[in-house]
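The residues making up each chain are set out below.
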Amino acid sequence: MSFDLLTTVETGGCSAKIPPRQLEELLKDLHLPADPRILVDISTHDDAGVYKINDETALVLTTDFFPPLVSDGYDFGLIAATNSISDIYAMGATPLVALNIMMFPSSRIPMEVYREILRGGNDKAQEAGVSIIGGHTIDDYPPKYGLAVIGTVHPDRVITNAGVREGDELVLTKPVGTGIILAGHRLKMTTPGQLAAAVLTMKQLNNRGAELMARHSIRGATDITGFGLAGHALKMARASDVTIELYMKNVPLLDGTYSLAEQGCIPGAAFRNLDYTEGDTLPADGLDYTLKMIAHDAQTSGGLLMAVAPERSDKMLRDLHSSGHPEAAVIGKAVRRREASLILA
Amino acid sequence: MKTVDTRGLTCPAPLIKTRQGLNEASAGEDVEILIDNPTSFSNVKRYLSDNRLPYTVREEGSLAIVTVRRGEKTELSVNETEYCTTGSEEPAPKVRKTVVAVSSERMGSGDDVLGTKLMVSFFRTLVMLEPPPAAVVFYNAGVKLAMDDSPALDHIRELSEKGTAIYLCTTCINHFGIRDRLPTGSFSDMYQIVNILRDADHIICP
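First to last, the protein sequences are chains A and B.
According to the numbering used here, the first sequence is numbered sequentially starting from 4.
According to the numbering used here, the second sequence is numbered sequentially starting from 24.
It is worth saying that the hints were derived from the structure and are not from the lab.
Even glycine gets a Cβ: it sits at the ideal position worked out from N, Cα and C.
Treat each hint with caution, since some may be false.
[Unchecked claim] Here's a subset of chain B near chain A, in silico, CB distances under 10 Å, partners left out:
(1) P35
(2) P37
(3) R42
(4) Y70
(5) V136
(6) L137
(7) T148
(8) M151
(9) R180
(10) F210
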């Protein structure tokens, strides 16, 4: 494969999202349907919608697609699919079926690349036990790819942004820094090892984390993507009516993240996310500027951020460490609602 | 003067070059940054103010020239208390002089009720800041925050008790006709306001 997908884009992955503040503004006038069968809609800014079919089963629906963030088509397909399916896991659900969503410039990029992207998406879906049963392609430049995924969950066991309780500890399953590492890679500031580690984490399904959430009866969680650790934690705090304290020094970072950010390699998406959080966030005295910006780095296919009762967090961490998440850590705590929804320490 | 040319570059390259330029400049040397990417321009400004690096901006068409002033300030009306003599030949780092400039009774735009709430919350939080800001300057509709029925008044009083100077723009007070409804703060004119803002190490504009 010689075609470099990164030549088609300026920003890729979840960095390409619309700024969160603008999105909230746009969505706030939308009329939300009032249907008792809708268990979760956009009003709590959750990862997916949930629709109750009967007392045993609720459908969980989500979609996510974005422009390339790596050079290789197969890797792009794997990452995009992992990221799309992640929203299902974040709701505590089991993914079942999916549709491909593809925008591809048939006259400008070899069709071989198209095949590679789809092959990546298909392989990852298979790993997750998801059948891709259709899709839709539009001729468009630059290319974009992702899935629309459907999963199911027991209506009483939906995990949402709103399920965090005072006293819960916040456990993060994957290291942070994909946005910064990918930006650094484009400027040739990363080592091959640093890039490989970032790609590896983006290709890792959140299925094991989701299984553990079910086993430990977790009620509040989200996955960390385009709005960054701070943006997603803020949404959780608001939806759960608590204040979340994040201890940035405990956050696991991808190798190279801190040094790149310190050198000024801070993608524009981090500034957009900062714009969004800062009216409702209290930075603690002496908070390191670099760590503050890392908290706002847009993640692609990031880890799960789950609220765990303090007496269970040790066990949860041990379980995560032995299920492919060796860097999982307690990075914060939910406390009684204060003025600010988020405290960055 | 050191020049950093970021023309033609996209995010975050201009920020990285800015950081490099600041690292490489000799002590006290100003750094001039040429930027033609609007997003990078706004992010570089944000980065500089977050890191308390004073700068000025000149725009020529689509080109922005940001000059980071790293020279020693001599004009600041520095209080004795801002230095503490350690006895060694190295003076301790100067306490940074923070000035808050308030131009509206609300924080941000979009929703007025929310904006008022945020502004009150801003002042409640400002009181917790250590050390407290050197001064708060109120102008335009911002002066209404210091009125006798303002939900922020108690916090402004607390700031004043902690040693923060409160300045109210006289022209603005007259414009709104509220001169007899201001229980705290000193009246000040544009000359004084301009001087206070110029002498600040950094300025917070909620």
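Each hint, compared with the structure:
1. P35: holds (5 Å)
2. P37: Nearest chain A Cβ about 9 Å off; hint holds.
3. R42: The hint holds - B:R42 has a Cβ within 10 Å of chain A, the shortest such distance being about 3 Å.
4. Y70: holds (7 Å)
5. V136: violated (14 Å)
6. L137: Holds. Min distance 9 Å.
7. T148: holds (7 Å)
8. M151: Holds - the Cβ of B:M151 comes within 10 Å of chain A, reaching about 9 Å at its closest.
9. R180: violated (19 Å)
10. F210: violated (30 Å)
Consistency with the previously given hints fails for numbers 5, 9 and 10, ordered from lowest to highest.
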